[in-house]
Every structure is written in C-alpha cells, then in structure tokens.
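Starting from the known structure of chain S, arrange chain G on it as the hints suggest.
So the chains spell out like this:
2 protein chains.
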Amino acid sequence: MSRFDRLPGTRDFYPDEMRVRRWIEDRWRDVALRYGFEEYDAPVIEPLELFTDKSGEEIVEQIYSFVDRGDRRIALRPEMTPSLARMVAARSQGLPKPIKWFSIPRLFRYERPQRGRFREFWQLNLDILGVAGVEADAEIMAAGVDALRACGLTAEDFELRYSDRRVLDLVLDGLEIDVGARSSVYTALDKLVRVGEEAVLAELAKAGVPDEEARALMQTITGRHLDALEALKLPTERLEREVDRMTRLGAYLAAYGVDEFCVFDLTVVRGLAYYTGVVFEMYDRKGALRALCGGGRYDDLLESVGGQAMPAVGFGLGEAVLIELLEARDRLPVGPARCAAFVIPVSADDRKAAMEVLTKLRGAGVASDLALRDQSVAKALKRATQASARAAVLIGERERESGRLTFRELDTGNETMLTVEQIVARLSYGTPA
Amino acid sequence: MSRFDRLPGTRDFYPDEMRVRRWIEDRWRDVALRYGFEEYDAPVIEPLELFTDKSGEEIVEQIYSFVDRGDRRIALRPEMTPSLARMVAARSQGLPKPIKWFSIPRLFRYERPQRGRFREFWQLNLDILGVAGVEADAEIMAAGVDALRACGLTAEDFELRYSDRRVLDLVLDGLEIDVGARSSVYTALDKLVRVGEEAVLAELAKAGVPDEEARALMQTITGRHLDALEALKLPTERLEREVDRMTRLGAYLAAYGVDEFCVFDLTVVRGLAYYTGVVFEMYDRKGALRALCGGGRYDDLLESVGGQAMPAVGFGLGEAVLIELLEARDRLPVGPARCAAFVIPVSADDRKAAMEVLTKLRGAGVASDLALRDQSVAKALKRATQASARAAVLIGERERESGRLTFRELDTGNETMLTVEQIVARLSYGTPA
Chain S
700 MSRFDRLPGT
710 RDFYPDEMRV
720 RRWIEDRWRD
730 VALRYGFEEY
740 DAPVIEPLEL
750 FTDKSGEEIV
760 EQIYSFVDRG
770 DRRIALRPEM
780 TPSLARMVAA
790 RSQGLPKPIK
800 WFSIPRLFRY
810 ERPQRGRFRE
820 FWQLNLDILG
830 VAGVEADAEI
840 MAAGVDALRA
850 CGLTAEDFEL
860 RYSDRRVLDL
870 VLDGLEIDVG
880 ARSSVYTALD
890 KLVRVGEEAV
900 LAELAKAGVP
910 DEEARALMQT
920 ITGRHLDALE
930 ALKLPTERLE
940 REVDRMTRLG
950 AYLAAYGVDE
960 FCVFDLTVVR
970 GLAYYTGVVF
980 EMYDRKGALR
990 ALCGGGRYDD
1000 LLESVGGQAM
1010 PAVGFGLGEA
1020 VLIELLEARD
1030 RLPVGPARCA
1040 AFVIPVSADD
1050 RKAAMEVLTK
1060 LRGAGVASDL
1070 ALRDQSVAKA
1080 LKRATQASAR
1090 AAVLIGERER
1100 ESGRLTFREL
1110 DTGNETMLTV
1120 EQIVARLSYG
1130 TPA
Chain G
700 MSRFDRLPGT
710 RDFYPDEMRV
720 RRWIEDRWRD
730 VALRYGFEEY
740 DAPVIEPLEL
750 FTDKSGEEIV
760 EQIYSFVDRG
770 DRRIALRPEM
780 TPSLARMVAA
790 RSQGLPKPIK
800 WFSIPRLFRY
810 ERPQRGRFRE
820 FWQLNLDILG
830 VAGVEADAEI
840 MAAGVDALRA
850 CGLTAEDFEL
860 RYSDRRVLDL
870 VLDGLEIDVG
880 ARSSVYTALD
890 KLVRVGEEAV
900 LAELAKAGVP
910 DEEARALMQT
920 ITGRHLDALE
930 ALKLPTERLE
940 REVDRMTRLG
950 AYLAAYGVDE
960 FCVFDLTVVR
970 GLAYYTGVVF
980 EMYDRKGALR
990 ALCGGGRYDD
1000 LLESVGGQAM
1010 PAVGFGLGEA
1020 VLIELLEARD
1030 RLPVGPARCA
1040 AFVIPVSADD
1050 RKAAMEVLTK
1060 LRGAGVASDL
1070 ALRDQSVAKA
1080 LKRATQASAR
1090 AAVLIGERER
1100 ESGRLTFREL
1110 DTGNETMLTV
1120 EQIVARLSYG
1130 TPA
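As given, the protein sequences belong to chains S and G, one line each in that order.
Taking our numbering, the leading residue of the first sequence gets 700, the next gets one more, and so forth.
Taking our numbering, the leading residue of the second sequence gets 700, the next gets one more, and so forth.
Some clues are possibly wrong.
Same chains, same label: a pair holds when it works inside one copy or across any pair of copies.
[Claimed, not checked] Simulated pairs of lysine to aspartate or glutamate, DMTMM-like, Cα-Cα distance not exceeding 25 Å: (1) K1059 / E858; (2) K890 / E810; (3) K1051 / E1120; (4) K796 / E1108; (5) K1078 / D1110; (6) K1059 / E959; (7) K1078 / D998; (8) K796 / E716; (9) K1051 / D958; (10) K985 / E896; (11) K1059 / D725; (12) K1051 / E1098; (13) K985 / E1026; (14) K796 / D1048; (15) K985 / D958; (16) K1051 / E1096; (17) K796 / D704; (18) K1059 / E738; (19) K1081 / D715; (20) K1059 / E1114; (21) K985 / E959; (22) K1081 / D1048; (23) K1059 / E737.
Just so you know, these hints were derived from the structure itself, not from any lab.
So here's chain S without its partners, still in its complex pose (with noise of 0.2 Å):
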C-alpha cells in the first residue's frame, strides 16, 4: 500500500504497541529505582572495534556495521555491555564504588528476522561495578526476577537458571581441555538449549575437544546440579571453595526471597567471550520460548578496555520475548489511553471560550482534548468517545452567558452544569497520565 515499507525485522510501534512498551520500561525503570540504581545511556553508534574483540564469535557476526564519511568503522551496538565498560573505564577513579548503574538501550542485530527476535530491540540492562562477592550476584539477580515479577509474572511463569564460569573452567581443568579453545567451548555449550546434544558434540569436536573429553564434558554439565562434579578426579580445595561460593549465593537468593524462582543448573554458559565467574538466564517455565534474559560476571572487562581492574556483574532482559510471554499468558495492559475532558464549542463562535476552558483544564494537570474542526455536537460527541474521555464539555452561548459548562458523563450520558473549577475536582480524582 505505501512505496516504502519499513526495513525487515524492525517495528512500527502504533500507539496500541507503544502503550505496552512504555509500560514495560516504566515497570523496569521503577524496580531498578527501588534498587538503588541510577539511569545512564550512551550512544547507539560505537567504534566497531568495541564490540569486535570482547564479545562472543556469534555476536560479532551479527553487528550490523559501515564505514562512515570520515572513514570510521561504526557499529549500531547490538549489547549495552562494552559501552558501559568504556564509560567506566574513562572516569573510573571519580566515581564512587559501588558503581550500580540501569539503561534501556535500543540495541541492534543483523541477523535473520524470526519469532521473538528483530534487527532492533530494546533490554533492561542493570549493572553493578566494583563488587567481587557473590553479594552483588544475588542482588543482581533478585532484580531481574524482580523486573519481570513487577510486569505481573509470577515463579509458575518464569525461572532464573545460573551456574559460574568457574565451577565450568574447573571441570574443563579436569578433563584437561585446551585453555585457548575455551571461547570456542563456551559458544558450543551455549547452544545446548536450542540444538540438542548432538550438534553441540560435533561443534566441539571440531574446536579440536578429543571425543573422549567432550562426552565426559556433556555427561556432567547435563547432569546439571554440583553433585556431577563428583564423577571426575578434581582438585579438592579448588572444589570447595566453588560449592562454598554457589552454597552462599543460594542463601542469598533465598534472604532476597527469590529461591523459588531460582535452580543452579551446569548447562547455563553464556555464549559470551567476556563472561568469568556467574551466569544466568531465565525462561518461562514452559520452555517454549527463547531466553528472556542473560548475564553474569565479567571482572576482566574494564581492565582489557584500557580501564582500571574492576569486578563487574549484570544483566540483558529483552522486550521481545516478554511480550510474547506476557501474550502468550493474557497478562499483557489494555485499553486506550484516557483523556479525562473533552471539550466542544457548540458553533465555531464558541471556538475561542472552548480554547479558554481548554487552558484552564490543561493548567490544573487534567489531561485533556478539543474538537479541532466545526461539526456537529453529535459527531464531536462520537469523537469524544473514541478517544476515552471520561466526560465531555460542551460550551454554547447558554454557556458562555451563565459562566456554567454544560458537564456530561460520556458513560451514562448524565449532564450537569458546572463551573470550570468543579469540573477540574470531578475530574482529578482517579484519572491517568
């Protein structure tokens, strides 16, 4: 219909869709305010060389990127992450620790448009910055089920499943796999969820993991829960240490009131280069859809960005999948905007008092609209109701002379005759926006 149709895997966001959205992110801003955290954003262009060294093969694969007319390499960011990492990094001593930062970055990604996943998007991303303790893990990850609990889910909708980098590296220490095949590792067991055993081990295989090493690998990380670990010969202080830190996270978990949400789970990795202790995802509880959320910690990142060394955990949460489950689930916000008032002139010389009431109404914070083109009363009236007002507001020259707005009650079509002052009462009360 129109000559220009939008770009591939992008969206329109009517008024309808952008209602939900705006919802969503007031529901996200809202939780990571009550936490304590502050609001920061940064540019959606970045130099691609950001993105290209820290992130994952995959992700890299995936920026959409150009060369601009000053023949710089430029990426729309496809993760908030390294950007927030060079923020830090370049004020990293001015700024009081613990850093705990929130945005809502518009993020970008090429790749092939399908169910829950589009070319431009938007996440939650929460961060804390200079805390190496489990401590800021569990508030981490208390947000994000906070996030989505505010959105009205609830533990038999969603679940956090998490693991640690560490407690991996310790079981690819013991089966003895190459240190500089490990990124490659993690991209393979990352896939676990979407491709199935199979398609993981032949990926493995071909990062040059021995067949032998990469079934001992699979059958523990599949067996999920830390008693896997015990198959295999590991070091045993090293081993402590780890179930002692995973033993701790869960009790903070369960203080934070979360532990019903929240399943420790080897076969969660990440696919993230950049990722050292904590990973997490959540999903619905169904299974059938993409994870909603991902992230972990990441102690190395601002020291490789030039920064000073500091320990750093966090999260993504994504719109797309959420809509989709909050749908899925019926639980997603409806109804049109409201306007409270609705204000029509009886003939166009009525234009400018209705404009004057209009002002006033407006003036004392009640959201409010105007017939724009002479009509009829009955057509504006239709108007009126199109648009959600609570009431309309006719004046007329009966009006104009008495000083009184004829007030009616679009829903039960009741009239009364009141000044502009009793009109902003009736309406103040319990109207949104």
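Then chain G, alone, in the frame of chain S:
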C-alpha cells in the same frame, strides 16, 4: 585514557546528564499526554529513499547512510516526520481522525559537531493529522510553548516566531519568482538568521532569482509583519484570505494564553521542502542560541509517500539547545538521585537478615540500597551519605534479637529503634523515585 573513545559528535550520558535528559523527557511526555496526544515510535533505521525525496537539500547531505549486507540503502533517521507519514499512510483508513500523536525519537545527523549540535540527539515530536484549519496549528503551537514552560522557562526566556508558506508563496508569486526554484529559495531564506542578508542574496542569485526581485523579496520579509506586503501589488482576494487566516490564528493563540510568547515574523521560512502552510520556530529571547524548535504544516506529505491525502501539522523540539538555554539561565535540576534507605549489616553474620529487611523495604515501594561489601559500619555510613540516602538502617545482633532496627537519619544523626513497618511509614512520605 581509554583505548576506545566514543565517536565524534556523540555523547555519553553519565547519571548526572541522564537525570537531566530524563527530567526533560518526563516533562515533555507529561505535556503531550495532558494535551491528549498518544505516544508512538518507529525504527531508527529506515530506507534511505524515505528521506531523500521529501526533505530539504540540507538535511539530505547530513544523513548518516550505509548499504547493509542485504544490499539495502539504509539511513539513520535524521527527523521523525517521514516515518510518521509512512506509518499513517500504511493504516490511514483504520485510524480515527484527527490523529494526535507524539514521540521522543533518537535522531542522527552527519555534520560537523559544534555547540548545541550533535550527531546523535533527541526531539519531542508532536503532530496532528486530519485537520486542515488553523485550529490545529494553534493547538500544536500552544503545546510547543507549554513543552518549554514545563521546563521552567517563561516569556522572558523564549519566543515563538511564526509565518505561513502560503503568505510567502503569495509574495513569490507577486514577484513572479519561478515555481521550480522555490525549494532552493526556501533553503536560502531559512539561513537568514545564521548567515545574514548578503549571503542569502548570493544564494538566491545562484538559484536563478534576478537581483531586483531578490532584493524586493528580502525587503518584504525583513519587514516581518503583514503590512510589509502592501508595497507589493498582490491579488486582493488571496491577500485577504491570508490576512484573515493569520488574524484568526493570532486570536486562537490568545485564547490559549500563549500570545505573549508568539510573534508573527515573515523571515521564518524553515528549510524543509515539505511544508505547505504555517511554519514556526522557537528561539531564546536573547538570540544567542540556535532555534529550539521548528515546525509547520505539511498537507501533501502523506499522499506523496503513498497514503490517502491528509492535512497535517507538527513540530520537532530538540533537547540540546534547550539544555544550553537552561544552563545559561541556571534552571537545570540539581542534586543526585536519592534512595530512601541504605541498609547496613553490622557484621558478615547479619548479611542475610539485612537482605531480608532490604527486600521488605523494596517490596513496600521504598527505594533502598545495601552495603554490598563486608566493611566497617563507619565506611558503610559514608557510602550511604554518598548515595544521598535519607536514612541508614543498621542490623546487628541486638537488632536481630529485638526485631527492631537502628534507624539513623543521615542529616541529623538521630538514631531510633524501629520495626520495618515503622521505617516504611517514615520513608514513604516525600521521597522521590
């Protein structure tokens, strides 16, 4: 200091800067909703052709564009109106009229970075579609004035200058200036404030306007008021219609209570090719800064992108010059974000109990933070003050046994023993966030 700098002309928003951006965006959104507008958004990436046909020369030169791997010519949107027109054109039959939409888009312009001009920036966009009369123009202009008033600016700080392309076309017709050159003439005249009369005359000559006509044109528009048209021999009927339209618009602006902000001024032209009627700009009164806002009527744009013909009027109001103006007038909001409570475990053994208290406070809607590292109470109190918390909540052995927590007001140092419920009551009054 950092290996990866951000790109020239882009900005990082650290929490202090983000708080200002959020403060402005919240005020803008509040005004738009109070005026009965609904929010929408479109992709940042759009087909390049959407902009090259419909916008002025200047903006096309400044578009960030690239070819993606699918061989599509892509633009980072430099303005919002063409995307809006595309969206409305795609669904125009199904949308009740008038359409009153707003957006706060992220936009991009590839130009030399300079004061108040960035390569990535934000605007408030407000548009009414489906109303041909100046009633909609007045509504839009009043909303523009209120979007700045909501940020604390007064009629002493800024003004709205307006004119009408139909009046300008009447002058150009009267001077028999070639219709084919009109787009270049608009672009040239639009630069008057920035480059001065001589430079505009040179550009008009380049556009093929004979010197005598160019000088007459210049004299007329720099006369600013409608009286300046009297020197030209213009067709009476058309002139009367235009004068009547402007008179009615002036009366409506008075009815909206914004007449002290508004000045009719023939030098206002706007560079964009698609304007067809009223055009306007907002400037700081001291004239030290670039335009804060530009807008106007674009009745032909929808049809030209393949939609149903539909009259339309709107504006874009940028944040960059507004922030400069607020800074110059010392009106920027100050102070870091406050969390209400900062919870401190006296020793590591109290940590789980502290997390439970924290979770209760947050659950009751009290923005709360926690000392995440095991450290002395003195150090934790310092951190609480840095975070601008209103109170510290200490929990040690004594508190765990008594079920009452040490509640320390950070401004006075007063300490009381309170239950969690009492703390919630004390802190849920008068706390931001």
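A quick look at each hint next to the structure:
1. In this homomeric assembly, K1059 and E858 come within 25 Å of each other (Cα to Cα) only across copies, at 21 Å, whereas the closest approach inside a single copy is 50 Å.
2. Proximity of K890 and E810 under a CA criterion of 25 Å is satisfied intra-copy only: 16 Å inside one chain copy versus 43 Å between copies.
3. With identical chains, the CA atoms of K1051 and E1120 are at most 25 Å apart within one copy only, with a shortest distance of 19 Å there and 53 Å across copies.
4. For the identical chains of this complex, K796 and E1108 are inter-copy neighbours only, at 22 Å across copies versus 55 Å inside a copy, given an alpha-carbon limit of 25 Å.
5. In this assembly of identical chains, the alpha carbons of K1078 and D1110 lie at most 25 Å apart only when taken from the same copy (16 Å versus 59 Å across copies).
6. In this assembly of identical chains, the alpha carbons of K1059 and E959 lie at most 25 Å apart only when taken from different copies (17 Å versus 52 Å within one copy).
7. Taking the closest pair of Cα atoms, K1078 and D998 come within 25 Å of each other only across two copies (23 Å); inside a single copy the shortest separation is 64 Å, beyond that limit.
8. Taking the shortest alpha-carbon separations for K796 and E716, only the inter-copy value of 19 Å comes in at or below 25 Å, while the best intra-copy value is 38 Å.
9. With identical chains, the CA atoms of K1051 and D958 are at most 25 Å apart between copies only, with a shortest distance of 13 Å across copies and 61 Å within one.
10. When the C-alpha separation of K985 and E896 is checked against a cutoff of 25 Å, the pair qualifies only within one copy, where the shortest distance is 20 Å, while the shortest distance between copies is 70 Å.
11. In this assembly of identical chains, K1059 and D725 lie within 25 Å of each other by CA distance solely across copies; the values are 21 Å between and 29 Å within a copy.
12. Only within a single protomer do K1051 and E1098 lie at most 25 Å apart by alpha-carbon distance; the minimum there is 13 Å, versus 65 Å between protomers.
13. Within a single copy, K985 and E1026 get their C-alpha atoms as close as 14 Å, which meets the 25 Å cut-off; across copies the closest is 52 Å, which misses it.
14. Proximity of K796 and D1048 under a CA criterion of 25 Å is satisfied inter-copy only: 23 Å between copies versus 64 Å inside one chain copy.
15. For the identical chains of this complex, K985 and D958 are intra-copy neighbours only, at 18 Å inside a copy versus 60 Å across copies, given an alpha-carbon limit of 25 Å.
16. In the homo-oligomer, the alpha carbons of K1051 and E1096 lie at most 25 Å apart inside one protomer (12 Å), although the nearest pairing across protomers, at 70 Å, exceeds that limit.
17. In this homomeric assembly, K796 and D704 come within 25 Å of each other (Cα to Cα) only across copies, at 23 Å, whereas the closest approach inside a single copy is 47 Å.
18. Taking identical chains as interchangeable, the C-alpha atoms of K1059 and E738 lie at most 25 Å apart only when they sit on different chains, with a minimum of 23 Å there against 35 Å within one chain.
19. Taking CA atoms no more than 25 Å apart as the test, K1081 paired with D715 passes inside one copy only; the shortest distance there is 20 Å, against 46 Å between copies.
20. Taking the closest pair of Cα atoms, K1059 and E1114 come within 25 Å of each other only inside a single copy of the chain (20 Å); across copies the shortest separation is 47 Å, beyond that limit.
21. Only within a single protomer do K985 and E959 lie at most 25 Å apart by alpha-carbon distance; the minimum there is 16 Å, versus 61 Å between protomers.
22. Only within a single protomer do K1081 and D1048 lie at most 25 Å apart by alpha-carbon distance; the minimum there is 21 Å, versus 65 Å between protomers.
23. Taking identical chains as interchangeable, the C-alpha atoms of K1059 and E737 lie at most 25 Å apart only when they sit on different chains, with a minimum of 21 Å there against 36 Å within one chain.
No hint from the list above goes unmet by this structure.
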